[in-house]
Structure formats: structure tokens, C-alpha cells
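Engineer: Go ahead and model the full structure; you've got the sequences and the hints to work with.
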Amino acid sequence: MTPETRNDAEPVLPDDDVTEPSPLRGGIRLKLAMDLCRWAGTPQSFRSFFPGVSKAGGAYHNLYTPLQIRQARLKMLGVEEEVWRPLDLMPPIIYCRMAKGGVGKTTIAANIASCMAMQGHRVLMIDADPQASLTSMFGIDWTVEKIRHIGHALRDHEQGYPVVFDESIVRPIYADGMLDLIASDITLANIESWLTTVLNREAVVDRLFRSYVEFWSAYDVIVIDSAPGSSQLSNALMYAARCVLAVVMLDGQSIKAMEVLAHNIHELNRAYPDLQAGVHLVANGFDARQTTCQASLEILRAAYPGMIDPCIVPRYAAFARQVSLYSDAESGPILEREPNSPAAKAIIELTRSLIGFYDVKLAEQIPVIPDTHRSRRKG
Numbered sequence: 001m002t003p004e005t006r007n008d009a010e011p012v013l014p015d016d017d018v019t020e021p022s023p024l025r026g027g028i029r030l031k032l033a034m035d036l037c038r039w040a041g042t043p044q045s046f047r048s049f050f051p052g053v054s055k056a057g058g059a060y061h062n063l064y065t066p067l068q069i070r071q072a073r074l075k076m077l078g079v080e081e082e083v084w085r086p087l088d089l090m091p092p093i094i095y096c097r098m099a100k101g102g103v104g105k106t107t108i109a110a111n112i113a114s115c116m117a118m119q120g121h122r123v124l125m126i127d128a129d130p131q132a133s134l135t136s137m138f139g140i141d142w143t144v145e146k147i148r149h150i151g152h153a154l155r156d157h158e159q160g161y162p163v164v165f166d167e168s169i170v171r172p173i174y175a176d177g178m179l180d181l182i183a184s185d186i187t188l189a190n191i192e193s194w195l196t197t198v199l200n201r202e203a204v205v206d207r208l209f210r211s212y213v214e215f216w217s218a219y220d221v222i223v224i225d226s227a228p229g230s231s232q233l234s235n236a237l238m239y240a241a242r243c244v245l246a247v248v249m250l251d252g253q254s255i256k257a258m259e260v261l262a263h264n265i266h267e268l269n270r271a272y273p274d275l276q277a278g279v280h281l282v283a284n285g286f287d288a289r290q291t292t293c294q295a296s297l298e299i300l301r302a303a304y305p306g307m308i309d310p311c312i313v314p315r316y317a318a319f320a321r322q323v324s325l326y327s328d329a330e331s332g333p334i335l336e337r338e339p340n341s342p343a344a345k346a347i348i349e350l351t352r353s354l355i356g357f358y359d360v361k362l363a364e365q366i367p368v369i370p371d372t373h374r375s376r377r378k379g
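Position 200 (the sequence shown) corresponds to 200 in the UniProt record's numbering; numbering is contiguous.
It is possible that part of the hints are untrue.
Each computed EDC-like pair below joins lysine to aspartate or glutamate, with the alpha-carbon atoms no more than 20 Å apart [stated by the list, open to error]:
1) K31 with E349
2) K361 with E80
3) K345 with D309
4) K256 with E267
5) K361 with E214
6) K361 with E81
7) K345 with D35
Pair ranges (Cβ atoms, derived) [stated by the list, open to error]:
8) N190 with T292: 20 to 30 Å
9) E192 with E145: 18 to 28 Å
10) L77 with G306: 29 to 39 Å
11) Q290 with E81: 34 to 44 Å
12) E80 with G41: 15 to 25 Å
13) Y272 with S211: 32 to 42 Å
14) A320 with A189: 36 to 46 Å
15) P172 with D35: 42 to 52 Å
16) A302 with V83: 17 to 27 Å
17) P305 with I186: 38 to 48 Å
18) D88 with P172: 23 to 33 Å
19) E82 with N200: 35 to 45 Å
20) A317 with S211: 36 to 46 Å
21) K146 with I299: 44 to 54 Å
Hints were generated in silico from the structure; no laboratory data involved. All C-beta atoms in this analysis are idealised placements derived from N, C-alpha and C, irrespective of residue type, glycine included.
Structural biologist: What follows is the structure in C-alpha cells.
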């Protein structure tokens with residue numbers, strides 16, 4: 001079957017100001033799909049990668065799934081069959097952390113995870129914050145649903161029980177295993193008192209990862225959202241991840257919090273000399289109208305040379321609209337809710353940069369987007 005085409009004219013792309021969310025969670029409209037694939041050809045030639053996907057109701061606003069984008073990108077790279085990661089190889093771990101709240105950490109975690117999935121990566125999110133903001137972002141009401149979180153998995157594993165990664169703990173967000181979530185709720189806070197009794201507790205997450213590497217290896221990348229501040233769990237996650245993605249709002253309090261986090265990383269490295277955990281910073285909330293933003297950015301660049309991502313995230317009102325005031329089911333990351341907004345474009349640029357930094361690959365051996373700063377990774 002070949003894609004349907006019009007004889008009279010080339011189909012028109014959606015206008016830039018069209019920001020209606022897709023009716024399908026993770027559904028990707030034509031214009032965004034072409035952008036995510038970096039397709040410079042015509043819409044007709046782009047559709048040739050999707051046999052069987054037809055227009056809906058006579059319109060040319062097709063919806064593509066993340067799996068279809070994955071398959072199309074593989075075809076563009078000349079790969080006809082899926083290449084799976086070796087079962088003994090962990091995927092890259094993007095661990096979002098900061099020593100204070102209110103810096104946009106969950107916003108960045110949710111959006112880069114969603115964007116990577118829409119670019120064709122298989123992504124697992126882990127909500128490691130008892131406030132469960134990442135969980136709520138993807139429409140799960142943890143106040144009424146029964147949640148099995150990462151704390152349950154850690155406790156079961158340390159006590160010698162098998163961990164079953166079924167849908168009671170791994171929740172599908174996008175179809176076909178393209179975006180999954182290990183959710184959280186307020187009871188995750190109880191893990192702290194238990195962790196104080198665990199021998200070599202800094203390595204507790206690493207032990208879980210190593211014991212079930214076949215499960216984790218099914219994903220191209222793992223994105224973890226941590227609670228603000230320092231805790232036993234956050235240190236264990238940092239030990240396992242090796243490289244922290246620090247989200248820093250451009251203000252004085254956030255810069256001071258970054259100093260606390262940097263000291264925390266230094267202390268962990270001193271306790272475990274072979275660890276060499278590193279940090280990569282994302283400057284968030286830039287507003288050119290505020291002189292404090294530029295001054296804060298210069299301070300960060302001087303204090304952490306070579307560690308700040310080149311993509312600075314501006315302050316956009318669209319980020320505040322991601323979380324519904326009325327229902328978690330109506331919440332969602334920016335590429336779902338306002339895919340053609342400037343905020344969405346900023347997220348796409350940041351995600352591409354992080355794909356390069358963390359060496360996230362499609363079908364294991366094939367980098368999706370080569371990036372010049374791969375070699376700058378620390379940790």
C-alpha cells in the first residue's frame with residue numbers, strides 16, 4: 001500500500017500558531033514529525049516512510065506514533081530490522097536533581113523524556129520524588145490510584161524477593177513501550193528510614209540495576225526525576241547514574257543550591273574514589289529583560305566551565321500551562337499540549353543536545369543525532 005496523495009497540490013502544513021493538543025497521547029502531527037526527524041524533503045516524500053498511514057477525514061493532518069517515528073528513522077539510516085541493546089548493557093541514565101525545589105526540574109525531566117520518545121527512542125521514566133509531580137504530569141492521580149514505586153522495588157530486591165516489572169509498577173504512557181513510567185506517591189518518603197539500615201546503601205539502586213539489567217536494557221535511555229534536596233535515595237540514585245543533570249534557575253537562591261549539590265557530588269566522589277560522578281547543568285528560566293538572569297548565567301559559566309549545556313531554556317508561560325488546574329488527566333508535557341509553541345522548540349533543541357551529551361542511541365549502535373560535545377561528558 002502506498003500513502004494517499006493529492007493530484008492538485010502539495011498538502012499544506014499546519015500553521016505555526018496551531019497549538020491544539022493531539023487527541024492521542026504521544027500522537028505526533030505531520031509538521032512536528034518532520035521536525036523531529038529533521039526531514040528536509042516534501043511532506044509527500046516524508047509520508048512514503050509510513051505505508052498504511054492514511055489521511056483522516058480528508059485532511060492531511062496525520063498522527064504518527066512514536067513507534068512509527070522510530071521505524072521511519074531506522075529506514076532513513078538504512079536499517080531495516082530492529083537492533084536491540086545487548087542484554088548486559090545498561091542504557092544511559094539522565095538523573096535530574098537539584099538541592100532546592102521550584103527550578104523546573106520536573107518540567108525538564110518530563111519534557112525531555114517525552115521528546116526523546118517522540119524522536120523514536122524507547123524511554124523509561126522513574127519518578128523518585130514523593131511529591132509525585134512527574135506522575136501527575138502524565139495523568140496519573142496518585143491520591144486515588146494504588147502505586148508501586150521504585151522504593152517497593154528496592155526493598156523487595158534487598159530483602160531477597162524477586163522484582164516483577166509488570167504494569168503494576170511500570171505504567172505505559174505511550175503505546176508500544178515507547179514511553180513508560182515507574183510512578184511515585186507520598187509513601188516513597190518512607191524509604192528513607194529503611195535505607196538507614198541498609199549496608200552500603202549508596203549502592204542500593206546500582207545493585208537493583210545490575211540484577212535486572214535485562215529489563216533496563218530494553219530501553220534506549222532512563223530519565224529519573226529526583227526529590228529536591230539531599231537524601232539517602234538521591235545519593236543512591238546519583239551513585240547509580242554517575243552523572244547528574246542539574247537544572248538551575250537563573251537566580252541567586254538556585255546558584256547557592258547548585259553549590260550545595262556540587263559539594264554533595266564531591267563528598268560522594270571522596271567516599272568512592274572510583275565513582276567519579278559528574279554534573280551537567282541546564283540553565284532554566286532565562287529572561288533577557290532581567291539583568292539578573294544574564295548575571296546569574298555568567299556566574300554559572302565561571303564556576304562550572306564546560307559543564308553548562310549550550311541550550312539555555314527561556315522562560316515561557318506555556319510551561320505553566322502543562323499542569324491542569326482541574327484534572328491530572330488533562331496535564332501533559334509541552335509537545336503534547338502546545339507542540340508548535342516556542343517552548344516546544346526550546347525543548348526539542350535541549351533534547352537534541354542532551355542526546356549528544358549522554359550518547360543516547362537509536363537501535364543501540366546508531367546515534368540518532370551526532371553531536372560535537374559527546375566527548376565533554378564527565379562521569
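Engineer: It remains to establish, for every hint, whether it holds in the given structure.
Structural biologist: Hints, verified against the model:
1. K31 with E349: holds (16 Å)
2. K361 with E80: holds (16 Å)
3. K345 with D309: holds (16 Å)
4. K256 with E267: holds (17 Å)
5. K361 with E214: holds (17 Å)
6. K361 with E81: holds (15 Å)
7. K345 with D35: holds (10 Å)
8. N190 with T292: 20 to 30 Å: For N190 and T292 the Cβ distance comes to about 39 Å; the hint is violated.
9. E192 with E145: 18 to 28 Å: holds (23 Å)
10. L77 with G306: 29 to 39 Å: holds (30 Å)
11. Q290 with E81: 34 to 44 Å: violated (51 Å)
12. E80 with G41: 15 to 25 Å: holds (20 Å)
13. Y272 with S211: 32 to 42 Å: violated (19 Å)
14. A320 with A189: 36 to 46 Å: At 26 Å between Cβs, range violated.
15. P172 with D35: 42 to 52 Å: violated (25 Å)
16. A302 with V83: 17 to 27 Å: Given range 17 to 27 Å: violated, Cβ gap about 43 Å.
17. P305 with I186: 38 to 48 Å: holds (39 Å)
18. D88 with P172: 23 to 33 Å: With Cβ atoms ~25 Å apart, the hint holds.
19. E82 with N200: 35 to 45 Å: holds (37 Å)
20. A317 with S211: 36 to 46 Å: holds (44 Å)
21. K146 with I299: 44 to 54 Å: This hint holds: roughly 45 Å between Cβ atoms.
This entry does not satisfy hints 8, 11, 13, 14, 15 and 16, going by the numbered hints stated previously.
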